[in-house]
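Colleague: Between the sequences and the hints, there should be enough to build the whole structure, so can you do that?
Residue numbers (numbering that gives the first Met the number 0), protein chains in the order written: chain F, 0 to 171; chain Y, 0 to 779; chain E, 0 to 290.
Misleading hints may appear alongside valid ones.
Said to hold, decoys possible - So the derived list for chain Y, only partly shown, Cβ under 10 Å to chain E, looks like this:
{"no.": "1", "residue": "Ile238"}
{"no.": "2", "residue": "Thr276"}
{"no.": "3", "residue": "Gly640"}
{"no.": "4", "residue": "Arg643"}
{"no.": "5", "residue": "Leu645"}
{"no.": "6", "residue": "Ser702"}
{"no.": "7", "residue": "Asp704"}
For the record, the hints were derived by calculation from the structure and aren't laboratory data.
Since the structure is predicted, the reported quantities are computational estimates derived from the model, not experimental observations.
Yeah, the Cβ is synthetic: ideal placement off N, Cα and C, and Gly gets one too.
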Amino acid sequence: MKKVEPGARTTISFKVNGKRVEVEASGKDRLIDVLREALRLTGTKEGCGIGECGACTVLLDGKPVNSCLVPAFQVENREVETVEGLARDGVLHPLQEAFVEHTAVQCGFCTPGMLMSALALLRENPQPTREDIARAISGNLCRCTGYHQIIAAVEAAAKKMRALAEGGDKEC
Amino acid sequence: MGTTNDRIVRTIVNRPARRVDAVEKVTGRARFAADLFFDGMLHARVLRARFPHARILSIDTREAERVPGVVAVVTHADIPGARAFGPVRQDMPVFAFEKTRYLGDGVAMVVAATPVAAERALSQIRVEYQELPAVFSPEDALAKGAPVLHEGFPDNIVNHYPVRKGDVEAGFAASDLVLEREYRTQFVEHAYIEPEAAVAVPNPSEGSVTIYGSIQNPFTARRVVAQVLGVSLNKVRVIQCTMGGSFGGKDDIMSCMCARVAVAAMKTGRPVKMVNTREESIVESYKRHPYFMRYKVGVKKDGRLQAMEIYILADAGAYASMTPFVTWRSAVQATGPYEISNVKTDVYGVFTNNTYTGAMRGFGSPQIIFAQESLMDELATELGMDPLDLRIKNGFRKGSVTASGQVLDEHKVSLIEVMEKAADAIGYREKRKAYPGPTGRGSKVRGVGLAASYRGVSLGAEGIDATGAIVSVQQDGSVYLYAGLAENGQGLRTIFTQIAAEELGCNLEDVVFMDTDTSLIPDGGPTVASRSTTMGGNAVRDAARKVRETLLGVAAELLGASSGEIISSGGKVFVAEDPARSVDFREVARAAYNRGELMAAFGWYRAPKVSWDEETGQGKAYFTYVYGCQAAEVEVDTETGKVRVLKVAAAHDVGRAINPATVEGQIYGGVAMGMGYGTLEEVEMVKGVTRTQNFDEYLIATSMDVPEVIPVIVENPDSYGPYGAKTIGEPTCELLAPAVANAVYHATGRRIRELPLDLERVLLGRSLKATRGRRGSEGA
Amino acid sequence: MSLGYVLPESLSEASKFLREHKQDARIVAGGTDVMVQLRRGGIEGKGGPRWLVDITRIPGLAYIRAEGDVIRIGAMTTHAEIARSPLIRERSPLLAEACASIGSPQIRARGTIGGNIMNASPAADSIPAFVALSARVRLAGPEGVRDAAISDVFDGPYKTTVQPGEILVEVHFNALTAGWSSAFVKLGRREALAIARLSVAVVVERDSTGRVSRASIAPGACLPMPSRVAPAEAIVVGKVADEEVVKSAAREVAEEMVRRTGVRWSTEYKKPVVEALTRRAIWKALGVDAH
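Modeller: Here is the structure:
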């Protein structure tokens with residue numbers, strides 16, 4: 000049984016955006032602390048600390064989670080995806096493209112979490128209705144946009160990704 | 000300046016454009032203040048007041064200083080300069096001294112190597128208090144013998160604005176019907192998703208400090224920091240980070256946070272960072288004012304308004320902050336956009352031991368519009384008229400005279416146009432007839448309602464209203480753009496970039512908007528009052544035009560034409576009559592550089608003259624106005640009190656939409672925020688204690704709550720705005736609450752005169768407190 | 000005081016550690032409640048646990064399966080898994096609906112059914128559904144395994160009767176078979192991220208004549224301890240449901256609430272509303288659109 004004494008720190012190893020990383024953590028550290036402080040992946044934001052705003056959403060083994068509610072030790076040997084992993088070789092992911100095109104970004108603080116929730120949706124459901132999209136991002140609060148342009152962007156990205164997939168490009 | 004360029008078809012403004020900051024934001028590369036790390040950086044946490052009103056007898060920091068990791072504990076005693084600040088009155092302490100006046104007051108601050116060490120040490124600070132009697136409502140604060148918060152304000156009145164026009168008693172006497180109603184609104188949180196954050200980096204050799212932060216108004220923060228440090232303005236450099244939302248909310252509180260980290264950085268000689276938790280943010284930060292409003296209105300049988308008497312108490316909370324300005328706007332606009340010959344308005348800001356209140360999107364308008372637009376519907380009901388017809392009958396037209404005696408003759412008065420357009424878009428007239436109202440069967444009933452407003456653009460007679468910009472073209476044709484106003488997330492960078500590119504004739508991609516930095520550009524006042532596009536847009540245009548004159552002169556020589564014949568557009572400079580004779584914008588820039596031309600210019604715009612008489616409340620309050628109308632369709636569950644807003648039509652006259660896509664974004668966002676104000680949001684404050692401290696209890700709309708929205712952009716170009724552009728940020732947020740209240744009345748026959756229209760108020764007609772559920776722990 | 004962390008790999012390891020550390024140890028799985036409570040105790044967690052016992056590495060606790068007519072759900076099963084399980088959607092749809100209404104996609108992806116029960120919030124969404132299903136829970140402890148009726152697990156808001164060292168490992172109940180139907184109705188202030196203001200779970204069985212032969216009515220967020228409302232059920236049983244029957248059963252639920260809680264500040268609102276929601280839930284269970 001792995002045991003970390005109160006106040007002690009120990010190394011954990013997991014994958015972030017496809018790369019294996021090792022970081023030190025203590026019992027009170029959350030995944031978001033490890034991402035932002037230790038790995039300096041500051042694209043993931045903290046807005047409330049209690050899993051209500053979704054700004055800290057990342058994918059854990061492909062599922063959207065609030066990284067402020069995940070104990071750091073729980074991600075040992077698992078896979079975490081953050082907003083930094085979305086663009087490949089400087090090419091924006093279709094979701095990112097669509098957010099830019101559809102003015103789905105205002106202040107941008109909810110954007111990384113919003114993108115990760117949308118990504119989880121599109122992987123599971125490549126042909127979502129507007130209602131599916133609204134439900135998928137319902138754990139991501141946005142104070143600026145009123146959500147309309149975000150929903151339109153996700154819809155457009157889904158369409159584009161389907162077209163890409165039909166075109167034989169299996170990436171995304 | 001009236002060159003050929005002004006007559007050509009515009010290629011960049013008045014068209015949707017990608018936001019210039021979108022790519023950095025979708026990639027996670029945008030740097031918000033909490034994302035900054037510096038070598039040797041310390042972390043600060045604040046100890047807040049234990050009592051809402053108390054005398055501080057002593058502060059003992061010795062134990063806290065001994066906690067491992069702690070580098071310093073800072074209190075008011077460490078402040079070298081001014082210990083208090085404020086936009087109007089310098090009554091708000093950076094760290095409480097002598098007294099605490101609300102529970103958000105900072106008493107001391109620990110600076111430590113880690114946030115955990117800082118937090119650990121907070122509990123080791125010993126503060127001895129003598130609790131004082133406290134007061135939690137304006138009514139109580141005005142009572143004889145009430146506790147006094149501030150010396151020199153024995154009656155707790157922050158300010159009083161009267162407006163006097165005609166003779167209201169005569170007006171009521173001449174009326175066929177006189178109606179008196181009272182309305183109340185709640186404390187509202189800005190709920191920007193990014194909590195406040197700032198980092199101060201000292202430069203000991205110069206005795207200066209650089210501050211990075213989530214700061215709405217960098218120049219305001221700079222002034223406060225300089226005063227608090229007791230240094231000149233040029234020793235403080237404030238650089239604005241990407242802002243995670245503000246909505247008027249990151250002003251005073253950020254000045255305070257900047258001052259705190261600056262004092263700590265100077266004391267320790269190391270960079271000091273502070274990031275509020277959400278709970279700290281909600282407890283400490285100022286709110287939108289709760290208003291108590293009593294309206295008395297007299298009307299002829301045919302619906303002609305005769306007189307209106309208005310009495311308003313605004314809860315200012317513990318400090319004056321923006322209360323004088325907020326309540327001034329309320330006083331100007333309190334009657335709504337209706338012609339009334341006899342008006343008597345009195346608006347008071349009153350100190351209490353609640354959280355202080357200040358600027359929030361709308362700035363004194365959402366409250367009075369809720370009252371006045373509810374009142375119009377109530378009046379229509381009494382008269383047996385349709386509410387829209389009543390509004391059309393009394394609504395402002397060209398040449399109408401406002402309550403402050405201002406004649407509306409310098410711009411298109413589009414009130415009737417926006418009302419008709421919103422009503423048409425939602426099918427108002429048909430639905431007013433089709434929905435059966437309270438007599439209908441079933442527990443879910445529908446209704447439609449609307450609300451309209453007029454709104455003064457920019458600061459008005461509130462204060463100094465001028466701002467600047469710098470456009471600097473480089474030898475390769477790329478452009479730096481600096482502005483004194485700041486991006487808050489609303490899209491200012493994009494709008495200003497569009498204007499600069501349009502005027503220069505370069506491509507949008509060639510312009511880089513530089514971070515707002517107080518050391519690089521003159522103080523252009525605050526980014527408030529929806530003034531960015533009008534004021535800052537004019538300044539950018541002014542600067543870009545000056546540079547263009549130079550460039551066109553150079554191009555004229557290159558093309559062998561006169562500069563009056565030449566057009567610069569889309570990266571090309573060409574002869575209007577013979578576009579084949581053209582040269583690349585970059586070529587022109589290079590040539591101008593090689594000739595030693597000045598390729599940078601400073602632009603400045605000062606608002607047209609306005610006036611105000613404090614005694615009578617008469618004058619030209621604002622140089623122009625915008626008009627808006629929102630219509631809402633709701634479904635009310637009459638057995639649970641649940642209101643669902645199904646559809647909203649929002650018609651706003653923006654003068655000219657520089658970027659229709661971002662205008663729509665403002666409308667969608669403002670409607671969502673307005674819906675929250677109307678149906679969900681309420682900071683519950685019980686004896687000064689904020690009970691709704693996080694997003695599980697302070698509820699803002701989710702993606703599944705927002706209605707379908709039909710944005711209707713109305714364009715009546717204004718003579719003052721750039722390209723005729725006026726404003727959009729705030730008007731979108733001030734109309735939906737009364738539109739929903741009116742629709743709920745239409746659906747149910749229940750008139751709710753208190754916000755928000757939550758489950759209990761709609762079902763029972765009044766609020767039940769302590770009704771929240773909390774994530775995780777004790778609740779239900 | 001800081002927080003220690005253990006990751007037991009078997010139930011017995013976990014159980015032993017929990018018994019040794021009693022109040023000092025707290026189980027964590029999805030973290031959707033525990034992590035919030037830790038934060039609210041401050042980073043120092045005064046009066047809070049010294050140890051987090053992470054049970055996510057214990058194998059075999061996440062499953063949904065049918066054994067004959069009994070449906071068994073492992074404690075580590077998430078709300079999302081239950082909400083989209085074809086088995087649950089078909090054979091206990093009220094539970095699928097209840098779990099689908101919890102929090103947000105992120106919360107449903109992490110929050111576990113065991114955690115939702117053991118947090119014992121009066122507003123927990125899954126609990127009324129389990130109570131209406133007369134579910135039983137399985138607890139593994141140092142002395143072995145025991146089963147208990149779900150309503151016996153609770154000892155007041157946020158309090159359970161579970162002993163130190165006991166771990167909830169499963170919840171099971173009889174699947175709804177032919178003749179049975181169910182409904183879950185929830186009222187929240189928002190359409191997502193909503194804590195139940197009130198909820199009602201209903202399960203009914205009708206015989207071939209359409210008469211209600213058995214009924215189970217369990218309101219949520221209004222009783223000090225989750226339970227069925229027998230007097231209301233008695234009104235419905237043996238009758239063909241009509242407006243009068245349903246109305247009086249619903250009224251009985253409201254009155255039972257007042258009997259159990261007394262008149263509180265919220266009663267004025269909750270009484271009429273729980274009545275309305277119960278009426279709707281019964282009709283919905285009977286397949287009749289109440290509006």
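Colleague: State for each hint whether it applies.
Modeller: Hints, verified against the model:
{"no.": "1", "hint": "Ile238", "verdict": "violated (30 Å)"}
{"no.": "2", "hint": "Thr276", "verdict": "holds (8 Å)"}
{"no.": "3", "hint": "Gly640", "verdict": "holds (8 Å)"}
{"no.": "4", "hint": "Arg643", "verdict": "holds (8 Å)"}
{"no.": "5", "hint": "Leu645", "verdict": "violated (12 Å)"}
{"no.": "6", "hint": "Ser702", "verdict": "holds (7 Å)"}
{"no.": "7", "hint": "Asp704", "verdict": "holds (5 Å)"}
Hints 1 and 5 from the earlier list are contradicted by this structure; the remaining hints agree with it.
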